[in-house]
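Peer 1: For this one, chain L is given, so just place chain U on it according to the hints.
Number of protein chains: 2
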Amino acid sequence: MELITYPNPSQWAEVVKRPVKNQADLTETVCDILRHIREEGDRALLAYEERFDKVKLTTPVVNQEEVDEAEGLLGDELKAAIRLAAKNIASFHEAQRFEGKKVETQPGVTCWQKAVPIEQVGLYVPGGTAPLFSTVLMLAIPARIAGCRRVVLCTPPGRDGKVHPATLYAARVAGVDSIFKAGGVQAIGAMAYGTESIPHVYKIFGPGNQYVTAAKQQVSLHGVAIDLPAGPSEVEVLADDSANPVFVAADLLSQAEHGTDSQALLITTSFALAEQVKEEVERQLPLLPRRDIAACSLENSKLIVVRDAQQALALTNEYAPEHLIIEAREPHALAEGVINAGSVFLGHYAPESAGDYASGTNHTLPTNGYAKAYSGVCLDSFVRKITFQELTSVGLQNIGPAIECMARAEGLDGHRRAVSLRLGRADV
Amino acid sequence: MELITYPNPSQWAEVVKRPVKNQADLTETVCDILRHIREEGDRALLAYEERFDKVKLTTPVVNQEEVDEAEGLLGDELKAAIRLAAKNIASFHEAQRFEGKKVETQPGVTCWQKAVPIEQVGLYVPGGTAPLFSTVLMLAIPARIAGCRRVVLCTPPGRDGKVHPATLYAARVAGVDSIFKAGGVQAIGAMAYGTESIPHVYKIFGPGNQYVTAAKQQVSLHGVAIDLPAGPSEVEVLADDSANPVFVAADLLSQAEHGTDSQALLITTSFALAEQVKEEVERQLPLLPRRDIAACSLENSKLIVVRDAQQALALTNEYAPEHLIIEAREPHALAEGVINAGSVFLGHYAPESAGDYASGTNHTLPTNGYAKAYSGVCLDSFVRKITFQELTSVGLQNIGPAIECMARAEGLDGHRRAVSLRLGRADV
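Protein chains in written order, with my numbering: chain L, 1 to 428; chain U, 1 to 428.
Don't read these hints as lab results, they were simulated from the structure. Treat the hints with caution; some may be incorrect.
No copy is singled out in the list; a pair is fine if it fits within one copy or between any two copies.
[Stated by the list, open to error] When the alpha-carbon atoms are kept at most 30 Å apart in a straight line, the in silico DSSO-like pairs for lysine-lysine are as follows:
(1) 114 to 87
(2) 56 to 385
(3) 79 to 17
(4) 17 to 114
(5) 102 to 79
(6) 385 to 21
(7) 114 to 101
(8) 278 to 162
(9) 87 to 102
(10) 56 to 17
(11) 385 to 17
(12) 87 to 162
(13) 385 to 102
(14) 101 to 385
(15) 54 to 102
(16) 101 to 87
(17) 102 to 114
So here's chain L without its partners, still in its complex pose:
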């Protein structure tokens, strides 16, 4: 890891720059696949499954027997862990229920908002090197709490034609309605347009590789909502000299093992800590099964020593990390100053892993600096807030003249007339 000491604020933008990906333009390939799915439905989907996931399926549908079987295959300890995580995720997201207030903005003019669940949502959970069953919990549990009528899950099968049992068990615990064996662009297309087997949905959630990301972007240009723009995962540890270098190093490494394009930053006011963490990272790295991946992403990672807490916060807000762990004597005081971050972890006993799995917060978060404009997934992501208003005739008398005047000034006389006619004015 590169150690950078006391960078000048003029260098900050450069210091917290993310590694630039040389992103291939996948638009054409992705649009081709999406078009096939739209035109040919299941037939195209199964053909792509054979081509990309190397599996010959007769149907994408996962049936109840497969879920039952998965439950039998899984160890009790893991099942209990999944249930504990599910319980905490449910508690935290339950507390996010929206209670709208009625506001009488003028006598006789009452306005309010009401949260209404999105009727049909689609969740995508990648396969690949690790079965991300925790993501099933993070997406399906809030969908259920929000009250979405239909919660659909697509995930690619292994070469044996089966979905990982932990994914199926998590889907059952979280209350997913229907599970389908479908991966990549073809899964996104199936949920966007619907096929004979897979219902179309109004919003698609979930992580994925650059093809999945490009597919989500494409369908989002044509009316299907998506959760978040995606980028490589990242963590920042913000630490003072009270931090334990062993913990800090483990936190940086837990991010680094995600993928070769991950990034981990330490921003600290303590030069001594930075040096200790550097050594500790080198000591712990060889102990990781995924050390090759972690070693790669450590090349994008940095230890940055700054002058004081204020600089540390300013640099943090410039970086806008997906995950921010504050390992400091007074984490609350520092947390108050955080403007740009996805999820913040306070104190020496709050590793990112807690939020990744089981504390209750969501792990679908804005990466790549998107935290400056986006929230992570939360209960809000699964509802719309519809506005309502009721006017009595007195209410319309109170605001009618203002409406008439503004409509006239905007050159929209039909808008004015809808009011004037109701007020019984002679001039209509």
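Peer 2: Okay, now just chain U, sitting in the frame of chain L:
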């Protein structure tokens, strides 16, 4: 207007189909302009202003004297109307402030959300046939209430190089920080990338023509958030036999005058009402200054008679109107059944114009069926909800074993170690 009686549910999708726009692919043109703005800043911006808005500017900046002058030019009645509308919009959006709850999901594990304003936001307000100063209020007032540090407004100048005085006055009332003379794609590019004069922002709001829409889509693919995907405006009136055909016709026409691609639907249980409204629309149409536009969009518009209230609601939810006016004896009972809509108006005295201007609700709403997945602009649109969590060492002991087990099952041993090390386990 086409009158459709008792359509079979199998025909519904066809009945509420929106007119398909033959949308040209503007991507190349738009990307060219965006690239020039990014590379050449103000110089490119001013050149495009000359080319598209036919005005030679030396700077895009609107100075305080221009705003002062605008205030002097505007009539007192309009200024009072703008202030009344601003007050109501402020009251309603103030009531949307988010109060997060702290949740202890397990002893020693505390999670919460905090709303933090997006630091820099950009508002786009089109020029064109009518000065849409009401949109300035709808976007800038919630931005101010949310606490956005910098609120930037771009709007195209007239050929005299000036911005309409009502737009400038509304911007002052709403508390916009900086106003710039910039329209179209070049304005979106300036706010996305920044120029010498115009600061870059993290999220861009506001309506516009198909070029502006395409530009917003393009920048949204590269990290700048946008408010909503845009489409033609639309209204549905849901009415029973208690509705006044004069009011209903005026409401349909007030939507029809927006633009030639607008759509207005009446869905009613009363055949008599449908017939009366049809006649009344024909009677009122010639009275509108914008009758040519309205006549065009009435060709996309329909009067639909259905069997009962349940069918009316089901068809409404299938259509997912931007605006829904319920002119019926029991509007609340019907409103309970609304699942898909942007903004709902209850009763015989709540025309869409009320929400367009002055009742307090926002008029930036999901069109084109997007109400199935998107909310309109509200206070939430200007904040992010950052999650926080704090764990004590007891808290980590409570959920640590579950995290370790799940991380192991996902093949992420570094994630497990960040917990195990803190729990002082020997096996690390």
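Peer 1: Each hint should be assessed against the structure and marked as holding or not.
Peer 2: Each hint tested on the structure:
For the homomeric pair residue 114 and residue 87, the shortest alpha-carbon distances inside one copy (26 Å) and between copies (22 Å) are both at most 30 Å. For a Cα distance limit of 30 Å, the shortest separation of residue 56 from residue 385 qualifies neither inside one copy, at 43 Å, nor across copies, at 43 Å. With identical chains, the CA atoms of residue 79 and residue 17 are never at most 30 Å apart, being 40 Å at best within one copy and 47 Å at best between copies. In this homomeric assembly, residue 17 and residue 114 come within 30 Å of each other (Cα to Cα) only across copies, at 26 Å, whereas the closest approach inside a single copy is 41 Å.
Taking CA atoms no more than 30 Å apart as the test, residue 102 paired with residue 79 passes between copies only; the shortest distance there is 27 Å, against 43 Å inside one copy. Taking identical chains as interchangeable, the C-alpha atoms of residue 385 and residue 21 lie at most 30 Å apart only when they sit on different chains, with a minimum of 28 Å there against 36 Å within one chain. Taking identical chains as interchangeable, the C-alpha atoms of residue 114 and residue 101 lie at most 30 Å apart whether they share a chain (9 Å) or sit on different chains (19 Å). In this assembly of identical chains, residue 278 and residue 162 lie within 30 Å of each other by CA distance neither inside one copy nor across copies; the values are 42 Å within and 58 Å between.
Taking the closest pair of Cα atoms, residue 87 and residue 102 come within 30 Å of each other only across two copies (16 Å); inside a single copy the shortest separation is 32 Å, beyond that limit. With identical chains, the CA atoms of residue 56 and residue 17 are never at most 30 Å apart, being 44 Å at best within one copy and 38 Å at best between copies. For a Cα distance limit of 30 Å, the shortest separation of residue 385 from residue 17 across copies, 24 Å, qualifies, whereas the shortest one inside one copy, 36 Å, does not. Within a single copy, residue 87 and residue 162 get their C-alpha atoms as close as 27 Å, which meets the 30 Å cut-off; across copies the closest is 59 Å, which misses it.
Taking CA atoms no more than 30 Å apart as the test, residue 385 paired with residue 102 passes in both settings, with 13 Å inside one copy and 22 Å between copies. Proximity of residue 101 to residue 385 under the C-alpha cut-off of 30 Å is found in both arrangements, the shortest distances being 12 Å within a copy and 19 Å between copies. In the homo-oligomer, the alpha carbons of residue 54 and residue 102 never lie at most 30 Å apart, since the shortest distance is 55 Å inside one protomer and 47 Å across protomers. Taking identical chains as interchangeable, the C-alpha atoms of residue 101 and residue 87 lie at most 30 Å apart whether they share a chain (29 Å) or sit on different chains (17 Å).
Proximity of residue 102 and residue 114 under a CA criterion of 30 Å is satisfied in both settings, with 10 Å inside one chain copy and 22 Å between copies.
When each numbered hint is compared with the structure, violations occur for hints 2, 3, 8, 10 and 15.
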